[in-house]
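Visitor: Spelled out from the first residue to the last, the chains are:
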Amino acid sequence: GENVEQHPSTLSVQEGDSAVIKCTYSDSASNYFPWYKQELGKRPQLIIDIRSNVGEKKDQRIAVTLNKTAKHFSLHITETQPEDSAVYFCAASTASGTYKYIFGTGTRLKVLA
Amino acid sequence: GAVVSQHPSRVICKSGTSVKIECRSLDFQATTMFWYRQFPKKSLMLMATSNEGSKATYEQGVEKDKFLINHASLTLSTLTVTSAHPEDSSFYICSARDTGSNQPQHFGDGTRLSIL
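Sequences listed follow chains B and L, in order.
Heads up: the first sequence at position 113 corresponds to 113 in my numbering, and the numbers run straight through without jumps.
Heads up: the second sequence at position 89 corresponds to 1089 in my numbering, and the numbers run straight through without jumps.
Honestly, the hints are just simulated from the structure, not real lab data.
Note that the structure is predicted; figures quoted are calculated from it, not measured.
Think of the CB as a built atom: it goes at the ideal place given N, C-alpha and C, for glycine as much as any other residue.
There could be a bad hint or two in this list.
[Unchecked claim] List time: in silico DSS-like cross-link candidates among lysine-lysine, alpha-carbon distance up to 25 angstroms:
(1) Lys42(B) with Lys68(B)
(2) Lys42(B) with Lys110(B)
(3) Lys110(B) with Lys68(B)
(4) Lys42(B) with Lys71(B)
(5) Lys42(B) with Lys1041(L)
(6) Lys1055(L) with Lys100(B)
(7) Lys1020(L) with Lys71(B)
(8) Lys57(B) with Lys1055(L)
(9) Lys1014(L) with Lys100(B)
(10) Lys42(B) with Lys1055(L)
(11) Lys1064(L) with Lys58(B)
(12) Lys1041(L) with Lys22(B)
(13) Lys1064(L) with Lys1042(L)
(14) Lys110(B) with Lys1041(L)
[Stated by the list, open to error] Computed from the model, here is a short list of chain B residues facing chain L with C-beta under 10 angstroms:
(15) Asn3
(16) Gln6
(17) Tyr32
(18) Pro34
(19) Gln38
(20) Lys71
(21) Ser74
(22) Val87
(23) Tyr99
(24) Tyr101
[As the list claims (entries may be wrong)] Covered stretches of chain B, as calculated for chain L (at least 3 residues, CB under 8 angstroms):
(25) 8-16
(26) 39-50
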């Protein structure tokens, strides 16, 4: 079955610096890759997603890149702010069947003011 | 748009009690809903996929008789933790996706279940 690895598990950056979180997946049939942000005790919120027919997608300070050949995708946050501090999860899914997600293990991002 | 409501947000009950958690899609129809369990500082572990009008699909290692799932309408799925024990204490969270392909999952606020 699908397996998603996520690194690093924790990441501390200075305010204003960039943060990069990387994920790899195992199932070549996966074609949808969302990223969720979860603050303590709250629901995961979708922040950006990418489909396999696209290599990069950007939304203001957040971008995601996808390398289908290497089965890698990454989240990039630029000009980080303290409110970016949270746990970030990547996921992989196939656009068929149940569309279920397999989540990565999460990255705890801490932005230091 | 795409709001998912989960209720209750917190439950504390005695061992042996059965607990029902509701997940509702408020502004869209969801043929598929998902139930996850999340341990402290851990990832979301998919327990089962809830399909409207049919039996749920459980992930390996999840006891279907322990975690009963019902998805009777396009906007409501319920998870019942039967005869709960302290080891069932956890954060349970549901998600729903709109019908059609390429729609993301939207999550409820979660239910923190504490079994004494």
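Visitor: Please go over all the hints and tell whether each is borne out by the structure.
Guide: How the hints compare with the structure:
With a C-alpha separation of about 31 angstroms, the suggested pairing of Lys42(B) with Lys68(B) is violated against the 25 angstroms cut-off. A C-alpha spacing of about 17 angstroms is found between Lys42(B) and Lys110(B), which places the hinted pair at or below 25 angstroms, so the restraint holds. The suggested pairing of Lys110(B) with Lys68(B) is violated, with an alpha-carbon distance near 29 angstroms, which exceeds 25 angstroms. Taking the CA atoms of Lys42(B) and Lys71(B), the gap is about 30 angstroms. The hint is violated against a cut of 25 angstroms.
For the hint linking Lys42(B) to Lys1041(L), the alpha-carbon distance of about 12 angstroms falls within 25 angstroms, and the restraint holds. Of the supplied pair hints, the one linking Lys1055(L) and Lys100(B) holds, its CA atoms being roughly 16 angstroms apart against a limit of 25 angstroms. Annotation: proposed proximity of Lys1020(L) to Lys71(B) is violated, straight-line Cα distance about 39 angstroms (limit 25 angstroms). At roughly 37 angstroms between alpha-carbon atoms, Lys57(B) and Lys1055(L) are farther apart than 25 angstroms, so this suggested pair is violated.
Of the supplied pair hints, the one linking Lys1014(L) and Lys100(B) is violated, its CA atoms being roughly 33 angstroms apart against a limit of 25 angstroms. Restraint check for Lys42(B) and Lys1055(L): not satisfied, since their Cα atoms lie roughly 29 angstroms apart, outside the 25 angstroms limit. Distance hint between Lys1064(L) and Lys58(B) is unfulfilled; the C-alpha atoms sit about 41 angstroms from each other, more than 25 angstroms. Taken as a hint, the Lys1041(L) and Lys22(B) pair is honoured in the structure, with Cα atoms around 18 angstroms apart against an allowance of 25 angstroms.
Pair hint Lys1064(L) plus Lys1042(L) holds up; C-alpha atoms about 23 angstroms apart against a cutoff of 25 angstroms. For the hint linking Lys110(B) to Lys1041(L), the alpha-carbon distance of about 14 angstroms falls within 25 angstroms, and the restraint holds. Among the interface hints, the one on Asn3(B) is violated; its C-beta lies about 12 angstroms from the nearest C-beta in chain L, farther than the 10 angstroms criterion. Checking Gln6(B) against chain L by beta carbon gives a least distance of about 8 angstroms; that is within 10 angstroms, so the hint holds.
Here the hint on Tyr32(B) is kept, as its CB sits about 7 angstroms from the closest CB of chain L, short of 10 angstroms. The closest approach between the C-beta of Pro34(B) and any C-beta of chain L is roughly 5 angstroms, which is under the 10 angstroms cut-off, so the hint is satisfied. Hint status for Gln38(B): holds, given a least beta-carbon distance of 9 angstroms to chain L, under 10 angstroms. Interface restraint check: Lys71(B) against chain L, minimum CB-CB distance 19 angstroms, threshold 10 angstroms, status violated.
Checking Ser74(B) against chain L: minimum C-beta separation of about 18 angstroms lies over 10 angstroms; hint violated. Interface restraint check for Val87(B): the shortest CB-CB distance to chain L comes to about 8 angstroms, inside 10 angstroms, so the restraint holds. Of the supplied interface hints, the one on Tyr99(B) holds, with its beta-carbon coming within about 6 angstroms of a beta-carbon of chain L, less than 10 angstroms. Contact between Tyr101(B) and chain L, as hinted, is supported at the beta carbon level, the nearest pair being about 6 angstroms apart and thus within 10 angstroms.
With a threshold of 8 angstroms between beta carbons, the proposed coverage of the segment 8-16 of chain B by chain L is violated, since 0 of its residues qualify and at least three are required. Coverage of the segment 39-50 of chain B by chain L holds [criterion: at least 3 residues with CB-CB distance below 8 angstroms; count 7].
Violated hints, in rising order: 1, 3, 4, 7, 8, 9, 10, 11, 15, 20, 21, 25; the structure is consistent with all others.
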